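Could you put together the complete structure from these sequences and hints?
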Amino acid sequence: MTRPCPSCGEQLADAAAFCEACGAQVGAADADLAGGPGGVKPPVVAGEAAPFDATFPTRIAGSARAPSGPRPCLACGGVVGPDGYCDSCGTKQPDERDHFREQPAPWVAGVCDRGLVHARNEDALALHAGDTAAGPRAVLVVLDGVSNTDDSHLASLAGARAARDVLRATLPAGLGTAQSRTAAAARLFQQAVDAAQAAIVDLTPDGSEHPPSATFAAAVLEGGRLVVGNIGDSRVYWLPDAGTPSQLSVDDSVAQLQIEAGMTRREAEEGPQGHAITRWLGVDAPDLEPRLCELDLDRPGWLLACSDGLWNYLSEPAALAERLRLAAADAGADPMAVALALVAHANASGGHDNITVALARVSPPPGHNAPDHARGPERESDG
Amino acid sequence: MAEFSATVYQNEFLPDGGTDVNAIVTVTCSGAGTAGQTGAGSAGEIIIVDTSGSMGPQTMAAARAAAQTALDEIVDGTYFAVIAGSDRAMLAYPVVQSGPGMVPMSPQTRQEAQAAVARFVGSGGTAMSTWLDLAVQLFGSVPSVTQRHAILLTDGENREAAGRLDTALGRATGYFQCDCRGAGTDWQVEEVRRIAQALLGTVDIIPSPEQMEGQFREMMRASMARGVADAQLRVWSPQGAQVLFVRQVAPTVEDLTSRRAEVNPLTGAYPTGAWADESRDYHVAVRVAAKAIGQEQLAARVQLVVGDTVLAQGLVKATWSNDSELTATIDRQVAHYTGQTELAAMIQEGLAAKAAGDEATATTKLGRAVQLAAATGNDEATSKLRKVVDVESERDGTVKLKRSVDRADEMALDTASTKTTRVKR
Chain A
1 MTRPCPSCGE
11 QLADAAAFCE
21 ACGAQVGAAD
31 ADLAGGPGGV
41 KPPVVAGEAA
51 PFDATFPTRI
61 AGSARAPSGP
71 RPCLACGGVV
81 GPDGYCDSCG
91 TKQPDERDHF
101 REQPAPWVAG
111 VCDRGLVHAR
121 NEDALALHAG
131 DTAAGPRAVL
141 VVLDGVSNTD
151 DSHLASLAGA
161 RAARDVLRAT
171 LPAGLGTAQS
181 RTAAAARLFQ
191 QAVDAAQAAI
201 VDLTPDGSEH
211 PPSATFAAAV
221 LEGGRLVVGN
231 IGDSRVYWLP
241 DAGTPSQLSV
251 DDSVAQLQIE
261 AGMTRREAEE
271 GPQGHAITRW
281 LGVDAPDLEP
291 RLCELDLDRP
301 GWLLACSDGL
311 WNYLSEPAAL
321 AERLRLAAAD
331 AGADPMAVAL
341 ALVAHANASG
351 GHDNITVALA
361 RVSPPPGHNA
371 PDHARGPERE
381 SDG
Chain B
1 MAEFSATVYQ
11 NEFLPDGGTD
21 VNAIVTVTCS
31 GAGTAGQTGA
41 GSAGEIIIVD
51 TSGSMGPQTM
61 AAARAAAQTA
71 LDEIVDGTYF
81 AVIAGSDRAM
91 LAYPVVQSGP
101 GMVPMSPQTR
111 QEAQAAVARF
121 VGSGGTAMST
131 WLDLAVQLFG
141 SVPSVTQRHA
151 ILLTDGENRE
161 AAGRLDTALG
171 RATGYFQCDC
181 RGAGTDWQVE
191 EVRRIAQALL
201 GTVDIIPSPE
211 QMEGQFREMM
221 RASMARGVAD
231 AQLRVWSPQG
241 AQVLFVRQVA
251 PTVEDLTSRR
261 AEVNPLTGAY
271 PTGAWADESR
281 DYHVAVRVAA
291 KAIGQEQLAA
301 RVQLVVGDTV
311 LAQGLVKATW
321 SNDSELTATI
331 DRQVAHYTGQ
341 TELAAMIQEG
351 LAAKAAGDEA
361 TATTKLGRAV
371 QLAAATGNDE
381 ATSKLRKVVD
391 VESERDGTVK
401 LKRSVDRADE
411 MALDTASTKT
421 TRVKR
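Line order of the protein sequences matches chains A and B.
Letter 181 of the first sequence, counting from 1, is numbered 181 in this note's numbering, and no numbers are missing.
Letter 223 of the second sequence, counting from 1, is numbered 223 in this note's numbering, and no numbers are missing.
Misleading hints may appear alongside valid ones.
Computed cross-link-like contacts, DSS-like style, restricted to lysine-lysine with a CA-CA straight-line distance of at most 25 Å [as the list claims (entries may be wrong)]:
id : chain 1 : residue 1 : chain 2 : residue 2
1  : B       : K317      : A       : K92
2  : A       : K92       : B       : K387
3  : B       : K317      : B       : K291
Chain A side only, calculated, beta carbon under 10 Å to chain B, not exhaustive [stated by the list, open to error]:
id : residue
4  : G84
5  : S88
6  : C293
The hints are simulated quantities; they were obtained by calculation from the structure and are not laboratory data.
Keep in mind that this is a model prediction, so the values were computed, not measured.
Even for Gly, the Cβ is constructed at its ideal location relative to N, Cα and C.
Below, the structure written as C-alpha cells:
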C-alpha cells in the first residue's frame, strides 16, 4: 500500500519514514525510528495540541518543492526553463550549486549563496521540518567548506545532508533527568558530526594534499526545546522578538581565543587571524566533539544558523537582530523572504565569502512552557 | 522522421547600456523524406497555367510541354489538378462538376491530364484572383490533403480591379504554397513576387520558351522532396523585450516580421512552409532592457516547431560587458546577412527608380548594390548587375546606367535580388 506524502503529495515507499521528494517526516516515522530495538516510543499526550499548530500549519499540500522540479527565477519569480533561463524575463539562473534554497515548511527556510567574490560556493545547507509529539521540529544544518581544499563544495554539501539525515530522528529524552536528557542529545549530535565527517572523508580524493574540510553548525528545535552544536566558526543565534538576542554557538577560532583573552570582538574578528579556525571536519580534523548548547525557548523569535559570509557583516547579536527586524518588517514572517534579505545584505556589503542563512520562525503561544521532562517512563532511543 | 538542428551565430556581448541583440540562426533539416509519404497526410499539387490571349503560340507550346513535364515529376499517389487561367479559372483536369476536385496521380490519370494540357489554347484576359480562389477550392475539396503546393505560370500583367488579387491572396496565404514563374518580359516582377512571397514560394523569370521545361521539372522535384509538410519558426523573447524583426536571410531574403502569429504573449510563430533536406538561415533582432555589466540573460529562444512539437532550439543571449574588444565585434554572419539584405533592397529600389525615370537615385542605389555584392561575395548578383550598369569601381560603388539594357536582364536582376550567398564558414 502506498500513500501520498502529506507535505508534497509524492507517493511514498512502503513504511517510509521520510518523503523521498521533499524530505518531510511522514506518518508513523517517529515511532518507527525512535521505537527501534532497545528504544521506547516517545510519549504521546492525547488531546494536547502541538504548541505551534495554531500558527503554522506545517502540512500544506504543495508547500514543499521537490528538489528536481522546476525552480523559480531568482529575478522575477517566473518558471526557469530546462535551458537554465527564466521563461518570463530571460535571466540566466546561477548554477544550482551556486545558489540554492530550501523550505521544508512554511516556517523553516534557508538560502545558500556563492556571494560575489568567491569562484564557487563551498557553503552548504540542509534543512528539515516535521512534527513530533513535543511539537513541530526544525533541523538547521550549515557547513562552511574551507577554501583552497580539494572538492570542499562537494564535501560540505554531502556532510550537511548526512548530518541532517541523522538529526531527523526525534531528540532522545534520556532517562528523565535533565542530565541524561542532555547526554542523550549530545550523543545524537555526535552521531550527526560523525555522519558528516564520514561523508567528507568519503569524498576526499586519494592522496589529497589539501583534503576537503568544513565547519559544522546544527540546531534542532523540537517544541520549545533547542539543542545547538558546532565545530568551527559557523554560528547559531537566537533572536527573540522581545528580549536579548544571543549567539548560542561558540566559535573554534583564533578570534574567539583572542576575545576570551580580552580583545574586543571587533578587533579580533577583523584582525589577521580573524578567520583562522582551530577545529574543523575532514581527514585532518584535530577532534570531532561538537560544542553543545541547550535552551528552552519560551517566546516568539527567530532561530538563525549562518556561515561567516553573513556574520562578517553582522557579528554582534544585536546588530544581526536589528537587520533581521528590518528585513522582517518588509518581508513579514516568511523565513525565505527574510533569509533572502539577509543574503542580499551580505552581498550588498561586499559578498566577500559564501553566504548561508537558515531560519526558523519560532512562535510558541504566550505562556508556553518547556515540555515536562519527567513525563512518562522514557529512555533514550539510541540504546 | 525528419530531424532538425539549430545553430546560433552572434556576438552576445553588449556594451554598457546596449539593448539590441542580433543573431543568425541556421536551421537544418535532414531525413525529410518525400511529400505525402511520411504518414502525416497526403500531398496535393496544382499546376496553374496562364492560358490568356497574350500567350503567343511559341510560349503556349512551351507551357504545354512544361506542364506535361511537371506532371511526370509528380509522385504516384499524390493528389493533383490542372488549372487553365485566363479572365476566369477553368479546371482543366480532372473533369468533374462536383465532389473532390483533385485525383491521385497514376499512370492513367497522368496520361489523361497530359492529354487535357495538350488541348490548351490562349484566349481571354488575365484575372489571377480567380486562379488562386479555384486552387483554394480544389485543395479544400480533398480534406486528406495536408501539404498543398501549386506552380503558377503567367506571361502578363494582372487585369483586375485593384485589390481583387490582394483579397484572393489573403484567402490563400497560410493555406497553400506557390512557386511562381513569369514567361517572357511582359509580366510584372513586383506583382508576381508579391504572390510568391505571400505564399512562401519562389519567383523567377523564364526569358525564353526552351528554358520552361527545365524550370518546371526542377520546381516540381523540389516540391516532391519536401517531406515535412509545414513547420513554424517560433521566437520567444523575454517580458518587456521587443522583437525588432525576424527575417529569413538564406537561401533568399524574406521578411517574416509582419507574419507573426501569437502563441502566447512572449512567443510568436512565423510560417516557414514545407521543408526538404535543406538549411535556412534566419536573422533575429531583439531589443531588451539593458542590464548591469556582467549580467547575462536570454534574449530569444528560436525554435523550429512542427505541429506543437519543438524539434530544434537555438538560444540567443545577451551579456553586458565593459570590455570594448568583446562588445565592438560584429558577428561575421550577422554582418554578412545585413549586407545581403541591404543588397536586395538596393537592387529593388534602384530598378524601381530607374523605371520611374529617376536616374540619379537609380545610379546611387545600384552603385551601392554593386559595392555590397562585391563585399559579400555574391557573384550571381554581381554578374546580373553588370548587365544593367557599367561599373567604374566596385569598391567605391560608382557605376553608370547602361544606355540600352535587355529587359529580360533587368527582370532577372530583379527576381534574383532576394537570393543570398552564405558565408564561407
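Here is how each hint holds up against the structure:
1. K317/B - K92/A: 9 Å, holds
2. K92/A - K387/B: Not OK: K92/A and K387/B at ~52 Å, beyond 25 Å, violated.
3. K317/B - K291/B: Given that 25 Å is the threshold and the Cα spacing comes to 13 Å, the pair holds.
4. G84: Nearest chain B Cβ about 9 Å off; hint holds.
5. S88: 5 Å, holds
6. C293: 41 Å, violated
Figure legend: structure checked against the earlier numbered hints; hints not met, in rising order: 2, 6.
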